[in-house]
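With the hints as your guide, set chain B onto chain A.
In the order they appear, the protein sequences are chains A and B.
Residue 275 in the working numbering is what sits at position 267 of the first sequence, and the numbering runs on without skipping anything.
Residue 286 in the working numbering is what sits at position 205 of the second sequence, and the numbering runs on without skipping anything.
Please note that a few of the clues may not be correct.
Unchecked claim - Computed footprint of chain B on chain A; a stretch qualifies when at least three of its residues, placed anywhere within it, have a C-beta under 8 Å from a C-beta of chain B:
# : region
1 : 147 to 155
2 : 277 to 289
As the list claims (entries may be wrong) - Short derived list, chain B residues pointing at chain A, Cβ under 10 Å:
#  : residue
3  : 110
4  : 128
5  : 156
6  : 233
7  : 263
8  : 311
9  : 315
10 : 318
11 : 334
12 : 348
To be verified - Interface residues of chain B toward chain A, partial, derived using beta-carbon atoms under 7 Å:
#  : residue
13 : 107
14 : 113
15 : 130
16 : 175
17 : 179
18 : 186
19 : 204
20 : 257
21 : 261
22 : 293
23 : 308
24 : 335
25 : 342
26 : 346
27 : 351
I should point out that these hints are in silico values taken from the structure, not numbers from a laboratory.
Virtual Cβ for every residue (Gly too), placed ideally from N, Cα, C.
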Amino acid sequence: MQASLKQQQTQPDTTWKLRLQEWWFRNRALIGFAFIFPWFAGFIIFDAAPFIYNLYLSFTDYQIGTVGVPPWIGLENYIEIFTDDKLFGKSMYNTVYYLGFSVPLRLIFAFLIALILNLRVRGMELYRTLFYVPSVVPLVAATVIFAGFLNTRYGFLNQFLVLIGVTPVRWLSSPDAIKPSLILISLWGFGGQMIIFLAGLQSIPDDLYEAAAIDGGTGWHRLIYITIPLMTPTIFFNLLLGLIGGFQIFEQVFILLDTNGGPLQAGLVYMLHVYNKAFRDFEFGYSAALSVILFLIIFVLTLMVVYTSNRWVFYGDAQDDES
Amino acid sequence: MIEDPRTKMVRHIIIYAILTTGAIVMMVPLFWTVSTSLKTRDKITIRRLELIPDPVAWENYPYLFEVRPIMQYTRNTMIIVVASLFGAWVPCTLAGYAFARIPFPGRNIFFAILLATMMLPYVVRLIPLFLFFDEIGWTRTFGPLILPRVLGHNAFYIFLYRQFFRGIPEDIYDSARIDGCSEFGVWWRIFMPMSRPVLAAVSIFAFSFAWNDFLNPLIYVGSNKELWTLALGLNALQGFEGEDNSLNLIMVFSMLMIIPMLVVFYFGQKHLISGVTAQGSLKG
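Next comes chain A alone, as it looks inside the complex:
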């Protein structure tokens, strides 16, 4: 009695299931599209359309009072940027100065500390955590902490300098010290890259080192011929991300300094110039042109790094051929 009842219940269930299965299989393409649809809709609304419209805006004179279609002015915005806009050169110089120091220094610190942490002596996990924690601090918090830390009179750094008999520095109010201060703040967060390097170092197979040791290789040889070549993809990846991120530095400057970028505009970075033009002066067309230039720089930079990487980045294919 019970068995037959059960059969009655499962019989239609399986055919329903079979039919659904068939339907799933026939419509796999449709399901695939359905699954990527939210992303694709987002791509159109938040990536493609704004990107194209931004390009269009950069050829117009779109300002706060503009009603209807913004007037087309051709290359005028770009001509003004390159011939008339003193702040363009200034902000570009400041940005390149900042990333020229902060990006390589971060990479070097992160790589060296990761190398030492990878030596696997006692207590490494504690040190790893201590180096990593600052990079977890939210950017806004890190920035206001350093605003206090570098405060001329009440900040730690100057009070410490006085204690050891060094002349204090006006870190955030003297034009010469602003960019070094920004670089200092960015260095505080090298832990994120260090963790990535450490993961990379730990994934290098031990037998490579053992083989080197049998061949009589010293620690230095291991570093030069095994560790660094195997780490080049990770170094390359971090360099690229560092440069792209460095060009877009904004929050730190916006929070630490006034909208002019501090005294003598020594901290006026490129993104702050873009922000000011759009959201302070409401010259949206002009600001769009500035953003297009930044995009082109990042784009060319990406292509350059990707292109040249073939020469010095080791992806491990050669190793597979040999074995």
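Frame of chain A, contents of chain B only:
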């Protein structure tokens, strides 16, 4: 290799000297933050180094909640965090799954588009997006902060999922399909439970990006104090009664923003590295 014990000891001393010096330098700003957050108002304007606060002003913490709507900031921030996590868990995993496992026409082209958008800096979309949201009357609301996140508009997360899903053995997928599991069923019953490392890693990213976001809240809700997030509130506190006088409260607020991040990273640390690197996503 057998090392001479004396050179080994010298080596260890050098290693620990470097690490300890480095760690102290890295920790000083944080230690100073904690110490300043516990100083009384007249102590913060003393021009002499004083690392241990005396007296210890615990009352700074409840006092900040009195003078600033911290709970409201937190609630607003959490709304963005939740939207972000939803996007990271549902639409992003589905898209990552489709890119990894469902053969549909044009998949490679769509994936190339996805990769290209990862290199598209936000600055070239900033102004049109602002004008668009302004046009539909969404500025001064949470709409612009929530909609992209709920849709899972993040190519990086989808990329991470796709890399991870591709690493899950084909056999499991095939046998589930033969047993009559639907695409949705395979995603929900097999891929999601197996993907805990990458889910944890992406969740940490989603949380921390939402928690840290400053530019978007600034542009869209900066002029609407009701909707300020913690990041905006902290920035505004800088101008409170002259910066120098409220240094201790600024540090209290900073601690409130730091502690949840530390908790999240502490519990997610293990997954963070394995989720991102285990399937070779960093190695291509």
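Now for the hints, and whether the structure bears them out:
Only residues whose beta carbon comes within less than 8 Å of a beta carbon in chain B count, and the region 147 to 155 of chain A has 7; three or more means the coverage holds. For the region 277 to 289 of chain A, the stated coverage by chain B holds: 4 residues have a C-beta nearer than 8 Å to a C-beta of that chain, and at least 3 were required. Given hint, residue 110 (chain B) at the interface with chain A, holds; its Cβ is 5 Å from that chain's nearest Cβ, closer than 10 Å. Checking residue 128 (chain B) against chain A: minimum C-beta separation of about 5 Å stays under 10 Å; hint holds.
Contact between residue 156 (chain B) and chain A, as hinted, is not supported at the beta carbon level, the nearest pair being about 17 Å apart and thus beyond 10 Å. Annotation: interface hint on residue 233 (chain B) holds; nearest CB of chain A at approximately 5 Å, less than 10 Å. Hint status for residue 263 (chain B): holds, given a least beta-carbon distance of 5 Å to chain A, under 10 Å. Because the closest C-beta pair between residue 311 (chain B) and chain A is about 8 Å apart, less than 10 Å, the hint holds.
Interface restraint check: residue 315 (chain B) against chain A, minimum CB-CB distance 5 Å, threshold 10 Å, status holds. Of the supplied interface hints, the one on residue 318 (chain B) holds, with its beta-carbon coming within about 8 Å of a beta-carbon of chain A, less than 10 Å. At about 8 Å, the closest approach between the beta carbon of residue 334 (chain B) and any beta carbon in chain A falls short of 10 Å, and the interface hint on this residue holds. Among the interface hints, the one on residue 348 (chain B) is violated; its C-beta lies about 12 Å from the nearest C-beta in chain A, farther than the 10 Å criterion.
The restraint placing residue 107 (chain B) at the interface with chain A holds, with a minimum CB-CB distance near 5 Å, inside the 7 Å limit. The interface hint given for residue 113 (chain B) is met, as the beta carbon of that residue sits about 5 Å from the closest beta carbon of chain A, less than 7 Å. Hint status for residue 130 (chain B): holds, given a least beta-carbon distance of 4 Å to chain A, under 7 Å. Interface hint status for residue 175 (chain B): upheld, as the beta-carbon distance to the closest one in chain A is roughly 4 Å, under 7 Å.
Annotation: residue 179 (chain B) was flagged as interfacial toward chain A, and the flag holds, the nearest CB pair being 4 Å apart, inside 7 Å. At a threshold of 7 Å, the smallest CB-CB gap from residue 186 (chain B) to chain A is about 6 Å, leaving the interface hint in force. About 5 Å separates the beta-carbon of residue 204 (chain B) from the nearest beta-carbon of chain A, less than 7 Å, and the hint is met. Because the closest C-beta pair between residue 257 (chain B) and chain A is about 12 Å apart, greater than 7 Å, the hint is violated.
Hint status for residue 261 (chain B): holds, given a least beta-carbon distance of 5 Å to chain A, under 7 Å. Because the closest C-beta pair between residue 293 (chain B) and chain A is about 4 Å apart, less than 7 Å, the hint holds. Restraint check, residue 308 (chain B) versus chain A: the minimum CB separation of about 16 Å is more than 7 Å; hint violated. Given the 7 Å rule on beta carbons, the hint for residue 335 (chain B) holds: about 4 Å separates it from the nearest Cβ of chain A.
Interface hint at residue 342 (chain B): satisfied, since its Cβ lies 5 Å from the closest Cβ of chain A, which is below the 7 Å cut-off. Interface hint status for residue 346 (chain B): upheld, as the beta-carbon distance to the closest one in chain A is roughly 5 Å, under 7 Å. With a cut of 7 Å, the hint placing residue 351 (chain B) at the interface with chain A is violated, because the nearest CB-to-CB distance is about 12 Å.
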